[in-house]
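Asker: Residues per chain are reported as follows:
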Amino acid sequence: MDGRSAELAQVDLRIPAAPEDLEKLAPGNVVYLDGMVYTAREGVYRKVLEEGAPLPDGLAAASNANFHCSPAAAREPDGTFNVGGVTATASFRFSKWMPRWFEVSGAKVVIGKGGMSGPDYREHFVPAGAVYLTTVGYGTGALLGRGIRRVHDVHWLDELGIAQAMWVFEVERFGPFLVDSDLAGNSLFEEQGRLVNENLDRVYAGLRPPALRRYGETDDREEELI
Amino acid sequence: MIGNEIIEQAAYEVMCKAAIDIPDDYLGGIKGMVQREEGTLSCFVLRSMVENYEAASTDRRPMCADTGLPRYYVKVGNEARIGGGFVGVERALRSATARATHDVPLRPNRVHPLWRTDHDNNVGINAPEIEWSFEPDADWVEITTVHKGGLFGTDYRMLFPGDGIDGIKRFYLDTLVAFGKRGLACQPAIVGVGLGGSKDVSMVLGKQAACLRTVGDRHPDPRIAALELELKALGNDIGMGAMGFVGSSMVIDCHIEVGHTHTGGMPMSVHTFCLSSRRATARVGADGTIEPRTDPRWFTPYMRRETVEWTSEAQSARKSP
Ligand code: SF4
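In the order they appear, the protein sequences are chains A and B. Residue 29 is where the first sequence starts when you use the numbering used here, and the numbers rise one by one after that. Residue 8 is where the second sequence starts when you use the numbering used here, and the numbers rise one by one after that.
Worth double-checking, as some hints may not be accurate.
Label pairs and their computed distance ranges (CB to CB) [what the hints assert, rightly or not]:
(1) Asp207/B x Asp106/A: 41 to 49 Å
(2) Trp317/B x Ala37/A: 57 to 65 Å
(3) Glu136/B x Glu252/A: 28 to 36 Å
(4) Arg150/A x Glu45/B: 26 to 34 Å
(5) Asp106/A x Asp66/B: 15 to 23 Å
(6) Glu79/A x Lys206/B: 39 to 47 Å
(7) Val39/A x Asp66/B: 22 to 30 Å
(8) Glu45/B x Pro147/A: 30 to 38 Å
No wet-lab data here; the hints were simulated from the structure. The beta-carbon is built from N, C-alpha and C at its ideal position, and this holds for glycine as well.
With the rest of the complex left out, here is chain B (with noise of 0.2 Å):
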């Protein structure tokens, strides 16, 4: 049985974590740009990037001061078994929130929309934002927490299926340039495609592609890896950096995730994951221990599963060479 307490105290751990420490695979990401990029004044934005990293690491201090807007991934082993329900899960994920937004600290950027209150803890309606999956033959409980950053770089479009490949490479030039010029969206980023399922599902898919995937990690339907490579490399050849600057540092990775869709229509979003690219997880086992890792592995063959049935992550591990 899965405490209360001991949810809370992964949710905190992985909150305190995710402000400070930059993830390992973006910044090897980052400190490859580095060596490649020839813009003078997009270097130098890199390099002060890389050494903003490690400042927030040695000092325990939010590697950006806005911490974005916090919010969680919880994935439930079918087997688990969770001492005070899902109801006390999502109680301990906003306590959490709360302590977390005090003593790291944490800017409280959470507000009513219209009357701009405050409760100066990052809780409020309908926020921390709390996404749930599952997954089958588990007994364990992980939990993500993403530090999503950016009033920008994030469109949506409806495409129709005669638009192509062609009108998926426009309308991801079109977000990246827009939000690119002055460096709105924060760039390089690892930018999340998200690719048909309904018009709310294509804007999930594409955040959760851009957060929850590592830098270097590919989609296991081999074409759609290809289009991620193709993508990624169309980005960066836009002729613009960092901060918008002349430069060829625009995107660190990208990533699509698909959902069956509407047989007339292709919707399409694009999301940037910015140069604070928090994300932290944790594993509570059923014994009660805490597990920390950078990379969520939220994308389990069970998630993406096609028809009624699914393979198990062994049956598939056991398949791919």
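Extracted from the complex, chain A is given alone in its bound form (with noise of 0.2 Å):
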């Protein structure tokens, strides 16, 4: 096969993270991730932010990566659960949550889909002593329900289903991941999404813009969605 992605650097992280190992992370490295994970997006953030729910017992002494997710799994009759995959959702949407959470929760690593704002980072992210890990992808479901080795706990199941409930994964090899920001806030896709903004001008040269616009349409094609 081809050699060209030999050419990044692979770093295995123990969970809970230390301040030491997280210094080291730099945008573009590939992360492999042990010991304990535990997934929070809205449901969580919603419970404990904003209803003042108490986090489980222990949870931030065991892990300090919160992944941005919901797992594929299914409750056995005998109570156990069945976890086939686990994507991450889309991180943006969390935004307003993440800097209560970092006081909260602890969490110095924070894994899901596509990063968050350069402006996120350098507010939430850096003062709280947190990189953002992105999985790869997206679709590496499989790859990454290997890597769990069992179903640690599970919170809140009942009240918010299998998709929104906090699940606390034991992981091995867990990954991969690609680091996005690193503890000063550099991010992976600011880096490219710049690098491939130079070359738009060029692809729609001259095609002209449809007769009939759309409220609130731009042609500045450096925005993006998020």
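Two chains, each in its own frame: build the complex with the hints.
Answerer: As structure tokens, this is what we get:
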């Protein structure tokens, strides 16, 4: 096969992640995780940050890695869970909860899909000493499913449902992930986006805009949807 | 007579297969892109995806944990006789969805739009969607399921005849660039373009073009086929690859479907069928046999008929070289 992607550096990261390990991460590093990872998205954020429910006992000590994801899981008659795969969900929607979540949970690693905006990193992640890892693809659900050793615990399942419950997974060589934002808030997506934008005028050259505009439409190709 | 149980069994089998096994045509397309991709990061993503498909098939687990919105396309031969009638088929498809959701397992993605209530089985009001089509001179029923992922990557626009091919290209680029950044569309994708029809039909055709035609398939109208290839090349020339990283892997293939439209307009839709392009088909014969395959063969000559009468599959095969 090709040799091009061999150029990316690979890092194994133990969770809970220590500050000195996080310091070594740079945008574009390939990361695999070992330890404990929990899922939390809007359901859990509302529950804890808006309704004031306390975090599950011992969570902060066991893990500081928050995965924006819902597993494909089913409850078996004997009460255990069959987790087939896990795939991240787009993180940008959770921006408004992140500053308080960092305070309350002590999270240092946020894993999700697509990253967050540059300002989010610099205003919320950098002060909290947190990095952002993005899943790859984003459809690598089967590979990630393989990395889950077992369901350690699940919280608020009946109340929030399978998709929104907080799942605590014991993981081993869980990945691959790519570092998007490092501790200084340098973002891989921002940098790659800039490079792609440089090419766009050439691609659009000569194509007239349609006769009927759309309300609020812009021709600024640097803009992003998130 | 085709009984309900056999319809349900076929539907259940394609549901399980679609979630786990990437169709060969799509896998072949991705492997070709791995060879051509020069962007280091984009290439890494593609290689990880190939590993992921292998892990899914080996472990029998869903390739992507966002198992999308499962839906069905049913083609009924005009001579087929169905024991439980059409209502029986719809019930069987709903039951197969609920069972497969638990057994695979699929993520119970379907919730009420306002109350967010979840039946945990991917069945609800108007869900799963079931689209019907018919085929002359056939006595079978074909059931295709698509597990369409992605909240991103689809857009609709009313263009006008004066906007011409330029307008089509521009809206196509707008959609790919907008949703391609950060890889929100989970590209490289099979891109489907719906042109013409009424607004809703333009959306339906574009989605079917993305989800129900295989990589490498060309439209029978040679001018449309040429436009498909031109749009494919244009998408891969944006300079963007997987996850929005620098690269050339954006469009695995582009399919266009057309419908006659209002003389003053040219509605257009663009749809992306993501890195988890999940589809599977089974033909249920009049004798109750189930034959699985990955090519839905949805757009038959009858589906694309232009006027009151049509040519049969056999006639059109004789005509084309
Ligand atoms: S768009 Fe496709 S590959 Fe991406 S997360 Fe959704 S189902 Fe998976």
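Asker: Return the numbers of the hints above that this structure violates; sort them in rising order.
Answerer: none
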